[in-house]
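**Student:** All chains should be built: construct the whole structure from the sequences, respecting the hints.
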Amino acid sequence: MCILGENENPVIWKKNIFEAIKNLSDIELQKLTWSGKHPKFISSLTETLARLYDDLDFERYIEYYKSINNMDNTYILFEELNKMMNDFKDYGYETELKVEGYKEILNNTKWIAITQKAKEIIFEWNKATT
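Mapping of the sequence shown onto this note's numbering: residues 31 to 160, in sequence order.
Among the hints, a few may not be true.
[Claimed, not checked] Derived lysine-lysine pairs resembling BS3-like cross-links, with alpha carbons at most 30 Å apart:
(1) Lys-128 <-> Lys-140
(2) Lys-45 <-> Lys-128
(3) Lys-67 <-> Lys-149
(4) Lys-45 <-> Lys-140
(5) Lys-61 <-> Lys-140
(6) Lys-96 <-> Lys-133
(7) Lys-147 <-> Lys-44
(8) Lys-133 <-> Lys-147
(9) Lys-45 <-> Lys-67
(10) Lys-133 <-> Lys-149
(11) Lys-113 <-> Lys-157
(12) Lys-157 <-> Lys-140
(13) Lys-149 <-> Lys-113
(14) Lys-119 <-> Lys-147
(15) Lys-140 <-> Lys-44
(16) Lys-119 <-> Lys-133
(17) Lys-119 <-> Lys-52
(18) Lys-128 <-> Lys-147
(19) Lys-52 <-> Lys-128
(20) Lys-147 <-> Lys-45
(21) Lys-44 <-> Lys-149
(22) Lys-70 <-> Lys-119
(23) Lys-119 <-> Lys-149
(24) Lys-70 <-> Lys-96
(25) Lys-113 <-> Lys-96
(26) Lys-52 <-> Lys-133
(27) Lys-157 <-> Lys-96
(28) Lys-113 <-> Lys-44
[To be verified] Here are the simulated distance ranges between beta carbons:
(29) Asp-117 <-> Ser-97: 23 to 33 Å
(30) Lys-133 <-> Asn-100: 32 to 42 Å
(31) Val-129 <-> Met-101: 39 to 49 Å
(32) Lys-61 <-> Glu-93: 26 to 36 Å
(33) Lys-52 <-> Asn-99: 32 to 42 Å
(34) Ser-65 <-> Lys-140: 13 to 23 Å
(35) Asn-99 <-> Pro-69: 31 to 41 Å
(36) Pro-69 <-> Asp-102: 30 to 40 Å
(37) Leu-62 <-> Gln-146: 11 to 21 Å
(38) Lys-128 <-> Glu-38: 31 to 41 Å
(39) Ser-97 <-> Lys-128: 34 to 44 Å
If you are wondering where the hints come from, they were derived from the structure by calculation, not from laboratory data.
All values reported here derive from a predicted model rather than from experimental measurement.
Note that the Cβ used here is the ideal one computed from N, Cα and C, for glycine as well.
**Tutor:** Next up, the structure:
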């Protein structure tokens with residue numbers, strides 16, 4: 031089974047995944063963009079998850095990463111983050127529909143743990159590239 035698509039560039043895919051996880055790790059940015067208070071950008075939980083899962087196919091990227099790097103620490107962190115996100119998303123989607131539901135999400139301990147896990151991945155990636 032070929033994980034990488036015919037015209038897919040793994041360098042660009044990795045860069046885009048890195049940026050999406052970096053945004054996932056930045057709860058301060060989320061507070062601004064999810065509330066509509068950022069001067070240039072607006073976002074939401076749905077958009078954050080859609081970028082990582084729908085646009086970038088994070089779960090397929092995890093398999094691709096494993097095929098190249100085996101089960102290293104970054105792979106383990108990816109798997110942990112993916113499980114945390116899958117366990118949270120239904121609650122998050124429902125909560126986001128509430129008036130100011132984004133505040134409830136941003137203050138949820140499980141969401142805070144997700145952002146922390148994303149920070150761990152960014153740290154691992156930065157460590158690997160230096």
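**Student:** It remains to establish, for every hint, whether it holds in the given structure.
**Tutor:** Verification of the supplied hints:
1. Lys-128 <-> Lys-140: Holds, because 18 Å separates the two Cα atoms, which is no more than 30 Å.
2. Lys-45 <-> Lys-128: Judged against 30 Å, a Cα distance of about 33 Å means the pair is violated.
3. Lys-67 <-> Lys-149: Judged against 30 Å, a Cα distance of about 23 Å means the pair holds.
4. Lys-45 <-> Lys-140: Within the cut-off at roughly 26 Å; holds.
5. Lys-61 <-> Lys-140: holds, 16 Å
6. Lys-96 <-> Lys-133: violated, 35 Å
7. Lys-147 <-> Lys-44: holds, 18 Å
8. Lys-133 <-> Lys-147: Roughly 20 Å between the alpha carbons, so the hint for Lys-133 and Lys-147 holds.
9. Lys-45 <-> Lys-67: holds, 27 Å
10. Lys-133 <-> Lys-149: holds, 20 Å
11. Lys-113 <-> Lys-157: Since the Cα atoms of Lys-113 and Lys-157 sit roughly 23 Å apart, the hinted pair holds (cutoff 30 Å).
12. Lys-157 <-> Lys-140: holds, 26 Å
13. Lys-149 <-> Lys-113: holds, 16 Å
14. Lys-119 <-> Lys-147: holds, 15 Å
15. Lys-140 <-> Lys-44: holds, 26 Å
16. Lys-119 <-> Lys-133: holds, 15 Å
17. Lys-119 <-> Lys-52: holds, 18 Å
18. Lys-128 <-> Lys-147: holds, 26 Å
19. Lys-52 <-> Lys-128: holds, 26 Å
20. Lys-147 <-> Lys-45: Judged against 30 Å, a Cα distance of about 18 Å means the pair holds.
21. Lys-44 <-> Lys-149: Holds, at about 16 Å.
22. Lys-70 <-> Lys-119: Answer holds: Lys-70 to Lys-119 is near 26 Å, not above 30 Å.
23. Lys-119 <-> Lys-149: Holds - the C-alpha atoms of Lys-149 and Lys-119 are around 19 Å apart, at most 30 Å.
24. Lys-70 <-> Lys-96: Violated: Lys-70 and Lys-96 sit about 36 Å apart, past 30 Å.
25. Lys-113 <-> Lys-96: Cα-Cα ~16 Å, so holds.
26. Lys-52 <-> Lys-133: holds, 20 Å
27. Lys-157 <-> Lys-96: Within the cut-off at roughly 18 Å; holds.
28. Lys-113 <-> Lys-44: Satisfied, since the Cα-Cα distance of roughly 20 Å is no more than 30 Å.
29. Asp-117 <-> Ser-97: 23 to 33 Å: Since the Cβ atoms of Asp-117 and Ser-97 sit about 25 Å apart, the hinted range of 23 to 33 Å holds.
30. Lys-133 <-> Asn-100: 32 to 42 Å: holds, 40 Å
31. Val-129 <-> Met-101: 39 to 49 Å: holds, 43 Å
32. Lys-61 <-> Glu-93: 26 to 36 Å: holds, 33 Å
33. Lys-52 <-> Asn-99: 32 to 42 Å: Since the Cβ atoms of Lys-52 and Asn-99 sit about 19 Å apart, the hinted range of 32 to 42 Å is violated.
34. Ser-65 <-> Lys-140: 13 to 23 Å: About 20 Å separates the Cβ atoms of Ser-65 and Lys-140, which means 13 to 23 Å holds.
35. Asn-99 <-> Pro-69: 31 to 41 Å: holds, 38 Å
36. Pro-69 <-> Asp-102: 30 to 40 Å: holds, 39 Å
37. Leu-62 <-> Gln-146: 11 to 21 Å: holds, 19 Å
38. Lys-128 <-> Glu-38: 31 to 41 Å: Roughly 38 Å apart at Cβ, these two residues keep to the hinted range, so it holds.
39. Ser-97 <-> Lys-128: 34 to 44 Å: holds, 40 Å
The structure shown violates the earlier hints numbered 2, 6, 24 and 33.
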